Amino acid sequence: MTSQKPIEQAVSTAILPAPFTRWFAERGWAPRAHQLELLAEAQRGSSLLLIAPTGAGKTLAGFLPSLTDLAGRPKRRPGEARRGIHTLYISPLKALAVDIERNLARPVSEMNLPVVIETRTGDTPAHKRQRQKLAPPDILLTTPEQLALLLAGPDAARFFADLRYVVFDELHSLVTSKRGHLLALGLARLRALVPGLQAIGLSATVAEPDQLRRWLIGQAPRGGMAGLITVTGGASPDVSVLDSRERVPWQGHSSRYAIPEIYELVKAHRTSLLFVNTRSQAELLFQELWRINEDSLPIALHHGSLDVSQRRRVEKAMETNSLRAVVATSTLDLGIDWGDVDLVIHVGAPKGASRLAQRIGRANHRMDEPSKAILVPSNRFEVLECRAALEASTVGAQDTPPLVDGALDVLAQHVLGTACAAPFDATELYREVVTAEPYADLDRETFDRVVDFVATGGYALKAYERYARIRKTKDGLWRVSHPRVAQQYRLNVGTIIEVPALNVRYVRAGRGAASRGGPTLGKIEEAFLETLVYGDTFLFAGKVLRFEGIRENECYVSNAPGKDAKVPYYGGGKFPLSTYLADQVRGMLADPKRWKALPGQVADWLRLQAKVSVLPKRGDLLVETFPRAERFYMVAYPFEGRLAHQTLGMLLTRRLERMGARPLGFVATDYVLGVWALGDMGQMFKSGKIPLGELFDEDMLGDDLDAWLADSWMLKRTFRACAMISGLIEKRYPGQEKSGRQVTVSADLIYDVLRTHEPDHILLKATRADAAAGLLDVRRLADMLSRIRGRIMHKDLERISPLAVPIMLEVGRERVDGEASESLLSEAEGLIEEAMGR
Amino acid sequence: MAAGALAGERGDGTEIAIAGERAWCDPRGALYFPAIGLLCVSDLHLEKGSSLARRGMLVPPYDTAATLLRLQAVIDHYRPKTVVSLGDSFHDADASARLPAALRADLAALTVGRDWFWVAGNHDPRPPAGLPGDTVDALAVGALTFRHEPTAAAPAGEIAGHLHPCARIVQRGRSVRRRCFATDGARAIMPAFGAYTGSLNVLDRAYAGLFRRDGLMAYMIGARRVFAIAGGLLQPG
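Heads up: the protein sequence lines correspond to chains A and B, in order.
Sequential numbering from 1 applies to the first sequence in this note's numbering.
Sequential numbering from 1 applies to the second sequence in this note's numbering.
Chain A with its partners taken away, still in its complex shape (with noise of 0.2 Å):
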């Protein structure tokens, strides 16, 4: 079923009632295909997903049916028990919810139907949520944690035993995340509750929408799929890369050699979006234009951390077209409308085809009219980058990332919370959540170990029977122990984990960590704020501010105006180069005749890498080695994103170490691995004492990525999400962080001891899998691998290629996050001795 069946067809068996057929009349307008087709079809009885892009009318679409539905609902009679919820509106953003005020209550009070539209989020006050629950509204806009809470209550089966229809929005991003796998078992409780249960998928074009069809329906038997609607058309985008007049970098992400052409743009146009990938950057660029900004243009930023009411402001004043420019990062990547945007300027590569196309579809929310975006790469290689996007528009390629098996931490979530509702089945559950799309192939005894985990812990040494939180009683059923556990489970609810934050207070300079008062300006992550000592500047909030301390819960700053920030602020997303995109610059690196649409002075740079080095064919590796500064250096060439470039970093200099090479460090960008060393590793390849089929071998995904991860910070990151979702710690909530750090236990601590002792356990197990599949992109590393087996080719030289050079400028610049700090106690501590002369 698509959107290609005739129109009439869907028109006709469609059943809009009478106030609808009058209400579209009076306005002009008549209900869209796709919107009749949804209905259609959903009257029959079927789970839908529709896939259509932003300003089709995909909100209206999907609540057509629950409206019709209730607009013929006989009215309640006096005495007549209370009905529950009629439909469930899951979004993942508290914010999407004024959207659909704006989509949703505008046609229901215009028709004057009797139907009540309420929200649940965490800002619900308790008494409104109490109410909820003793008169529910019809139709409930509520969150993915929204819902877990709702089915852990005892009432649930009661609350939900009305619902007819839920619709997911923004479904291609809820999927993709552990929030999307503790969604996905709500949903399968939802159809276990209620049998008869529609679900409607509203979602952007993704790579495998048949996915997302089986996300919707339950998994027993596999393979079921929820209809199809695919809304296609639009006008395509006109998107274009910057041709610069300036010379384009080697290397960085600034883009300030472009700020000044970035400025026309946004004169020449009503109202720009700028876009950019982490929030380091769209401070950066917020902060140049301003520089620059002579018609004092109102140039707005809006990103994360930045504080509520200063981002409530920028987009109200987006809403009633009062800005010219907004420099934004992926916070607004979401179905907001906003006012009349023009132009979406991309600054830095997009990373993604698909996030490029929804970026773009920010700009220009009419169907009919072309969206138009330009992207400004700020290095050379993401000058390639942008045109492989661009191409990728074109042709509507999509390259959404595919979904991976639902994480055993978010299943032991639920198992607690259904454990709170009411007893429950072994078997039974475990029947349940293989229909969940995500859990489908999750074998009997995992789910058994699961349940064993939220019991005692699941360790070997079964020790904690008596503080078992459920219990098998009698009757085989599994109940909780204590109401205890019930209100843990509410407090810890949800797969969110925040980052240790410090809310930034702005005083008066030179009080130290002494200062009081002074608004808020936002929120930095701890991690970022521990790297600062007093006086250093830095740029947040559109200002240069200088770190005068810390204390408790606040980070003070002060203005230091004129001042160059000194320290960079990372922070915000940085995504990975997507698979399609990396193979779409290998395929143009390797194929001179494509470089004829790239600027003049890229095309002159791949010319002369030719000339003295060579280009890697498609599905090759390239591998470099030279000499420079008496350090013997290898650049590999694999195009597979920052992160798999880590782990490949990583391994292969324990391997280079054991035979022999004495490597010294590595540096990895989205597109190449450096790797430098005290051994001659070009002389190593060629005579074969190093053969480089057998360092690049497959086989170094087994001991030695198991030996390296055992230390590793990432894979202590990843265990304490894991450990605060399937409940093994608790969740810390602002103003609980600092007192008493002496007496909470680190999940690093229980890491460690776990790891010594009970290596097996299944923590660790959904640890190692998330970390996989997350910090190391293994998977990802493991396609290269296989790919390049007998296509490596190796290059030594005599001196540094044109194509190196970028990589050569991050050495010494990027650095790997938490790892030797050894050396860095040892060099403090060289100090004193410095200083008293010894």
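It should be emphasised that the hints constitute simulated quantities derived from the structure, not laboratory data.
Do not take every clue at face value.
Selected chain B positions facing chain A (in silico; Cβ < 10 Å) [stated by the list, open to error]:
1. Gly185
2. Ala186
3. Arg224
Calculated Cβ distances over 12 Å to all of chain B for the following chain A residues [said to hold, decoys possible]:
4. Asn103
5. Arg516
6. Glu829
Please read these numbers as outputs of a predicted model, since none were measured by experiment.
Every residue, glycine too, gets a C-beta built ideally from N, C-alpha and C.
Take the given structure of chain A and dock chain B to it, following the hints.
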């Protein structure tokens, strides 16, 4: 902490002096006084895991075993005549009673052939159930006084625990936090020895008045050695 340190691998320590008495900071978190053959450890917090489990946090039940294994390694290494456990040896009042039989036997075996003192702590004010050793409020040995909670008014020579000191430095834009021995030459505060013990920055207000400002040194515990860091380099938080 690396696995090696947990298993009790030998590392390099650093010598310090408190009220003129020489002592050796062991990277496993113990303090050894060679002249008097006395080994001091603090804040073992044994059975903290089961204490948390009782409140619904089912953390791995291996903390006591891990802590005792490390203690055994330190004792085997120094073969002290006297061992002082400086308070909060047990995480709560019933913790000593909850001690699994095998671990209780291990712990009792460690006390054989030496003097063993349990200094009373705020978590364990009473003597541990069924274990050898003397329980004392404080212990004076020559110029030294061993006491759980440091007291600002105490004369030079106080060795205390309770606060679980750690220190933090920022070097080349990176922050490193480690447990530490904190001393100004007159007093030393011991790092917590237990596997599940957190820590509190030595610049926190809780330490106010305990150290001479200009004399503070933090002996930060690395994976295999102890680093002597001057107070002026330390960062709060």
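Exercise for review: Any hints from earlier that this structure breaks? Give me their numbers in increasing order, please.
Suggested key: 1, 2 and 6
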